[in-house]
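Asker: Below are the chains, spelled out letter by letter.
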Amino acid sequence: GAGVSQTPSNKVTEKGKYVELRCDPISGHTALYWYRQSLGQGPEFLIYFQGTGAADDSGLPNDRFFAVRPEGSVSTLKIQRTERGDSAVYLCASSWGEGSYNEQFFGPGTRLTVL
Amino acid sequence: ILNVEQSPQSLHVQEGDSTNFTCSFPSSNFYALHWYRWETAKSPEALFVMTLNGDEKKKGRISATLNTKEGYSYLYIKGSQPEDSATYLCAFSNTGGFKTIFGAGTRLFVKA
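Just so you know, the protein sequences line up as chains A and B, in that order. Residue numbering for the first sequence follows the numbering used here, starting at 1 and increasing by one per position. Residue numbering for the second sequence follows the numbering used here, starting at 1001 and increasing by one per position.
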C-alpha cells in the first residue's frame, strides 16, 4: 500500500516568506507526527496529532510555526516569516492508535532552504 | 530536559564484523524505546519498539536489548554487510506524553 507522502520534496524560499508543507499519512493512521531534522542531528519533535486535534505541540519552536489536520488525515505545517535558521528537513510520520509505543512510518521529508 | 545520547557517533567496520551501538535515555517514567534505520535518500524505517525492562528483540542479523532501570539499550549487528550501512537512530518516550525524543544517531559504514 501507499506509504507516507510529503510535498514538496524541496522548497527554497526567501527570508520573511510564508511556507506550507504537506503530509499525507498512511490511510487509517490516526496518529501523525511532525519532526525537524538539521544536519548531524536526530529528528526533533515538533507536534503530535491524534485525529484532528494536536495532543502535544510542545516542540513547536515559536508562534511562527503552526500545524493543522482538519479532517484527521492530511496535515499541513505552516511557517510564517521564515528565517534562515528554519532551514532543515521536515519529516512527517504516522502510526496506528494512540501512544508513542506504536511503530512510526516516516515520509521522505521536505527539505526547506531559507535564503 | 529529556536527552537521548547515542554512541559512537560513527563507526567503520569490515564486512563480516559484528558490532554494537549504545543508546542512553532517562530511566524515570519510561514508556517506550524505538530503534530506526535511516539509509541515505530514504525514510527512517522502524526496526524495533521495546516497552519492557529486559526486552530482547531480533530481526535477522540485528537484535536489541533494553534496560529501563539503568536507562540504556544496545543494538547488535552480527556479520555486518555493506547494505547495513546507514544511520541507526534510537528514540525514547516517557509516560504521560506523546513526544518522541530522538538521539543524534550512530552512522555505520560497512566496507566490503
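Don't read these hints as lab results, they were simulated from the structure. This structure is a prediction, so every number in the text was calculated from the model and none was measured. Some hints could be false.
As the list claims (entries may be wrong) - Sample of chain A residues with no beta-carbon within 12 Å of chain B, all distances over it, derived:
#, residue
1, Gln-6
2, Gly-109
3, Val-114
As the list claims (entries may be wrong) - For lysine-lysine, the following BS3-like pairs were computed, each having C-alpha atoms within a straight-line distance of at most 27 Å:
#, chain 1, residue 1, chain 2, residue 2
4, B, Lys-1069, B, Lys-1042
5, B, Lys-1069, B, Lys-1057
6, B, Lys-1111, B, Lys-1069
7, A, Lys-78, B, Lys-1078
8, B, Lys-1111, B, Lys-1059
9, B, Lys-1111, A, Lys-11
Glycine included, each C-beta is placed from N, C-alpha and C at the ideal position.
Asker: Indicate, hint by hint, whether the structure satisfies it.
Answerer: Outcome of the hint check:
no.: 1; hint: Gln-6; verdict: violated, 9 Å
no.: 2; hint: Gly-109; verdict: violated, 7 Å
no.: 3; hint: Val-114; verdict: holds, 22 Å
no.: 4; hint: B:Lys-1069 to B:Lys-1042; verdict: violated, 34 Å
no.: 5; hint: B:Lys-1069 to B:Lys-1057; verdict: holds, 18 Å
no.: 6; hint: B:Lys-1111 to B:Lys-1069; verdict: violated, 36 Å
no.: 7; hint: A:Lys-78 to B:Lys-1078; verdict: violated, 43 Å
no.: 8; hint: B:Lys-1111 to B:Lys-1059; verdict: holds, 22 Å
no.: 9; hint: B:Lys-1111 to A:Lys-11; verdict: violated, 34 Å
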